[in-house]
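Here the protein sequences come in this chain order: A and B. Going by our numbering, the first sequence opens with residue 1, and the numbers climb by one from there. Going by our numbering, the second sequence opens with residue 1, and the numbers climb by one from there.
Please note that a few of the clues may not be correct.
Claimed, not checked - Taking lysine-lysine pairs in the DSSO-like style, the calculated list, with each CA pair at most 30 Å apart, reads:
hint, chain 1, residue 1, chain 2, residue 2
1, A, K98, B, K4
2, B, K4, A, K38
3, A, K139, B, K123
4, B, K4, A, K139
5, B, K155, A, K82
Hints in this document: simulated from the structure, not taken from any laboratory.
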Amino acid sequence: MRLLKFLLVLAISFSQIAWAESVQISEQWVREAPPNAKVLAAFMLIDNQSAESQTIISVTSPDFGTIEIHQTVEHDGMMHMKKQEQLIINSKQQVILKPGSYHLMLMQPKRQLTAGDEVDLTLKFASDEELIIKVPVRKSSASEKPVHHHH
Amino acid sequence: MSQKTTIIVSLLVLLGIAFGVVGWFFPRPTVPVELQAILRPDSKPLHEFSLIDQNKNVFNLESFKDKWTLLFFGYTFCPDICPTTLTVLKQFYDKLEPQVLANTQVVFVSVDPERDTPEHIAKYVAYFNKDFIGVTGEVTEINKLALQNGAGYIKGSSPNDDNSNYQISHTSTIFLINPKMELHAGFSQPHIAEVISEQYNLIRNLY
Numbered sequence: 001m002r003l004l005k006f007l008l009v010l011a012i013s014f015s016q017i018a019w020a021e022s023v024q025i026s027e028q029w030v031r032e033a034p035p036n037a038k039v040l041a042a043f044m045l046i047d048n049q050s051a052e053s054q055t056i057i058s059v060t061s062p063d064f065g066t067i068e069i070h071q072t073v074e075h076d077g078m079m080h081m082k083k084q085e086q087l088i089i090n091s092k093q094q095v096i097l098k099p100g101s102y103h104l105m106l107m108q109p110k111r112q113l114t115a116g117d118e119v120d121l122t123l124k125f126a127s128d129e130e131l132i133i134k135v136p137v138r139k140s141s142a143s144e145k146p147v148h149h150h151h
Numbered sequence: 001m002s003q004k005t006t007i008i009v010s011l012l013v014l015l016g017i018a019f020g021v022v023g024w025f026f027p028r029p030t031v032p033v034e035l036q037a038i039l040r041p042d043s044k045p046l047h048e049f050s051l052i053d054q055n056k057n058v059f060n061l062e063s064f065k066d067k068w069t070l071l072f073f074g075y076t077f078c079p080d081i082c083p084t085t086l087t088v089l090k091q092f093y094d095k096l097e098p099q100v101l102a103n104t105q106v107v108f109v110s111v112d113p114e115r116d117t118p119e120h121i122a123k124y125v126a127y128f129n130k131d132f133i134g135v136t137g138e139v140t141e142i143n144k145l146a147l148q149n150g151a152g153y154i155k156g157s158s159p160n161d162d163n164s165n166y167q168i169s170h171t172s173t174i175f176l177i178n179p180k181m182e183l184h185a186g187f188s189q190p191h192i193a194e195v196i197s198e199q200y201n202l203i204r205n206l207y
């Protein structure tokens, strides 16, 4: 019985490790904002190498009151913020969160963040898995060039 | 008239016709191609409005006089577009030649006077560049300035009960006002500092 339990635990942890390896976050950053900004944004590249599509249903952080997934869209010459209830990353696909596009809207910062600081973000998936990532704060780079990646 | 003179005159006439024909088919554009989508066909004189800047000084039509103004409408609770645009404007402004810088101003007009007090805007714009001007005021006066430029905004509903967490959709064009207080051009998305810089210098040279 004990052995079975051990094997079960082992199997679960292996599957978690396997899952974490198949869903990877890279190039993550929080854009440094003016000291009195009430809203910040986080950007990253999410790579889903698993066989199933993955869905992010919520994002939380000890450093912010609320976090929402948003998309900036242009319509009739106006920029709109479209709240996304979830973010789907198809199997073997990547989704890029970048300025002027998808981003995490970080609200009610609990401390002032400047370049060099780091925040923890917890991405919660529909599969019940969670990814905790460390995200560095940095200043906006020149012209916000799109992220290049290889397939 | 000698035969030589006749030939020269004939050649000159032919050459004239040739130039005429070329000119007819390929008229020289008065506006360079790269500016056609940016420059207004004719500059539009702006009318009086009354707002205040981040130091609570009057900001009105006169504030545009004798300067080139890059005008942007936004709000400080804006997570993505406003910081992106202000960063581009900072990169643009920081690289201007001193004689161009002398009569160039960057103005950020808040379309969210409810939350954007002068004190709040002061800290916000100074983060990008201490020279930047942040403007706010009465909604009716903000609307007066926005409408004249063809800028619009729509206040969204707040998901919170306390009505504090609303977003505002807004025009993202950077408007260019000339020293005669006329709307001269508009830079639309995507905004890239080097491109705006090139176009801005070209517009000034043509003026």
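Taking the hints in turn, this is what the structure says about them:
Of the supplied pair hints, the one linking K98 (chain A) and K4 (chain B) is violated, its CA atoms being roughly 72 Å apart against a limit of 30 Å. Distance hint between K4 (chain B) and K38 (chain A) is unfulfilled; the C-alpha atoms sit about 84 Å from each other, more than 30 Å. A C-alpha spacing of about 17 Å is found between K139 (chain A) and K123 (chain B), which places the hinted pair at or below 30 Å, so the restraint holds. A C-alpha spacing of about 74 Å is found between K4 (chain B) and K139 (chain A), which places the hinted pair above 30 Å, so the restraint is violated.
The straight-line distance between the Cα atoms of K155 (chain B) and K82 (chain A) is roughly 13 Å, inside the 30 Å bound, and the hint therefore holds.
Comparing the model with each numbered hint stated earlier shows that hints 1, 2 and 4 do not hold.
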